[in-house]
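S.K.: These are the residues of each chain, in order.
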Amino acid sequence: MHDLDRRALLGTALFLTVAGLAGPAMAQADIGRAANFIQSTGQELVAAVNDQTRDIAARRQRVAAVLRRAVDVESVGRFILGRWWRQASPQEQQEYLKLFEETLIRNLSARFGEYQGVRFALGRTQQRTEDDVLVNTVIERPNTAPFSLDWRVAEINGQPKIVDVIAEGTSLRLTQRSEYSSVIQRNNGSVAALLTAMRGQIQQLAQREQGR
Amino acid sequence: MRQPIRSRLSRAALAAPLLAAVLLAGCATRPPASDPEALADYQQTNDPAEPTNRRLYAVHQAIDQYALRPVAVGYRAVVPQPVRSGVRNVLGNLRTPVILANDMLQGEPRRAGDTLGRFVINSTLGVAGIFDVAESWFGVRGHAEDYGQTLARWGVGEGPYLFIPVIGPSNPRDLVGFGLGIVSDPLSWFGQGAVVDGLVYGRAGMTVVDTRESLIDTIDDVNRTSLDSYSTLRSAYRQRRAAEISNAGEVAPAAATSTGFGVGTGMDQQRR
Numbered sequence: 142m143h144d145l146d147r148r149a150l151l152g153t154a155l156f157l158t159v160a161g162l163a164g165p166a167m168a169q170a171d172i173g174r175a176a177n178f179i180q181s182t183g184q185e186l187v188a189a190v191n192d193q194t195r196d197i198a199a200r201r202q203r204v205a206a207v208l209r210r211a212v213d214v215e216s217v218g219r220f221i222l223g224r225w226w227r228q229a230s231p232q233e234q235q236e237y238l239k240l241f242e243e244t245l246i247r248n249l250s251a252r253f254g255e256y257q258g259v260r261f262a263l264g265r266t267q268q269r270t271e272d273d274v275l276v277n278t279v280i281e282r283p284n285t286a287p288f289s290l291d292w293r294v295a296e297i298n299g300q301p302k303i304v305d306v307i308a309e310g311t312s313l314r315l316t317q318r319s320e321y322s323s324v325i326q327r328n329n330g331s332v333a334a335l336l337t338a339m340r341g342q343i344q345q346l347a348q349r350e351q352g353r
Numbered sequence: 002m003r004q005p006i007r008s009r010l011s012r013a014a015l016a017a018p019l020l021a022a023v024l025l026a027g028c029a030t031r032p033p034a035s036d037p038e039a040l041a042d043y044q045q046t047n048d049p050a051e052p053t054n055r056r057l058y059a060v061h062q063a064i065d066q067y068a069l070r071p072v073a074v075g076y077r078a079v080v081p082q083p084v085r086s087g088v089r090n091v092l093g094n095l096r097t098p099v100i101l102a103n104d105m106l107q108g109e110p111r112r113a114g115d116t117l118g119r120f121v122i123n124s125t126l127g128v129a130g131i132f133d134v135a136e137s138w139f140g141v142r143g144h145a146e147d148y149g150q151t152l153a154r155w156g157v158g159e160g161p162y163l164f165i166p167v168i169g170p171s172n173p174r175d176l177v178g179f180g181l182g183i184v185s186d187p188l189s190w191f192g193q194g195a196v197v198d199g200l201v202y203g204r205a206g207m208t209v210v211d212t213r214e215s216l217i218d219t220i221d222d223v224n225r226t227s228l229d230s231y232s233t234l235r236s237a238y239r240q241r242r243a244a245e246i247s248n249a250g251e252v253a254p255a256a257a258t259s260t261g262f263g264v265g266t267g268m269d270q271q272r273r
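Chains as they are written, first to last, in our numbering: chain A, 142 to 353; chain B, 2 to 273.
Some residues of chain A that are not near chain B, with every Cβ distance over 12 Å (derived): (1) 177; (2) 207; (3) 233; (4) 234; (5) 242; (6) 297.
Where chain B lies over chain A, by a calculated footprint (3+ residues, C-beta under 8 Å): (7) 306–315; (8) 319–325; (9) 332–343.
By construction, these hints were calculated from the structure, which means they are not laboratory data. Predicted, not measured: the structure shown is a model, and the values here were computed from it. We put the beta carbon where it would ideally sit given N, CA and C, even for glycine.
Please build the complete structure, drawing on both the sequences and the hints.
M.R.: Encoded structure:
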């Protein structure tokens, strides 16, 4: 009996030691993987933005394609809808995800599409949080002071994916969650009202893109 | 010497009735306990005076559309970038006493040393603070601190969210910090008369213009892409303040003030 206890104790101690050694090593590997992923995605984005041989519409399309691959649009969209996700009907959920993807990609590619001459580099602080990695980058544009962007990278089905962007301590998905929630609440809890507002916004964005 | 302090104190005191008016007028309805998710949402949003805040936000948007933004756009168009940087650096340098006091009140001797060293170097080699040589030659970057952050570090809660026209997003704690910043600034203690008043108001006016200029693109972007810019600003403000208080990275540069949009000035100058 005592032997068993001792063996269990030893086993646990050994396990803890190994886990203690392996834990940080695994975290390092995760950080490296996430940083590499951001590095390569960032280079693709910069190449797309600075491609002089194409016009702005084509550049934007390339940016959108990179973003669609790199961002886990579905989980971000569900996070942002928060508690209203469960209150939405399956049709509303489907339509929401479609509209959300379009809004996100259009907004981001319109913004990045204007960053002519942009350069970027991995920043100093890469850190692991509970279930993802924060990768810091520094964005440089001509005639503008450099600014830092943090990318939250999670493993989705074994693939690193972007799940949030943080600028000036402000998380994009938290801010947008508050925005969408506010729209729904001000319309007496109607998810349909949010969908209508999103459709209107996409129309406006499309008109503006054509106006350019 | 006594008169200017009093007038500045009374200006800070003006905030008190305004605050009371905000708190007493329209309140958002608290969701019933039978809806725990809605209640959690309500508590997390921390905006019990939302209807009043939204009315004040509408007032601000009108002021911004017809006065603040046009002036900021004009300033950007007329004054070349190097001069604007110089103005921003001078404003940041003038904030040294407040930043230094708060570095010390928060028990951060290294940051206090940075602040003091930067002040000495920039005021002399940097020609009265026009050039930030402390950063460009010595690599010592500026940071912001204010009484709102110090109060937070001392455990004072933020209180309900407030939106105040022209000043912007705030809360009672940061508003008190903002007042303390004005009252405790030694630059507002010296002298009196037209010249001193002119300098004091000139500095306040330049701070507003510089701040709004630094925010042109950010706020345009919010107004263009947000379905509800009021809640976007509210969320962004509270997140950013939390990051500043924890000193997680240099979120705000030296020229930033304690509350509202104040932090905007030079907000694109990020840690490296």
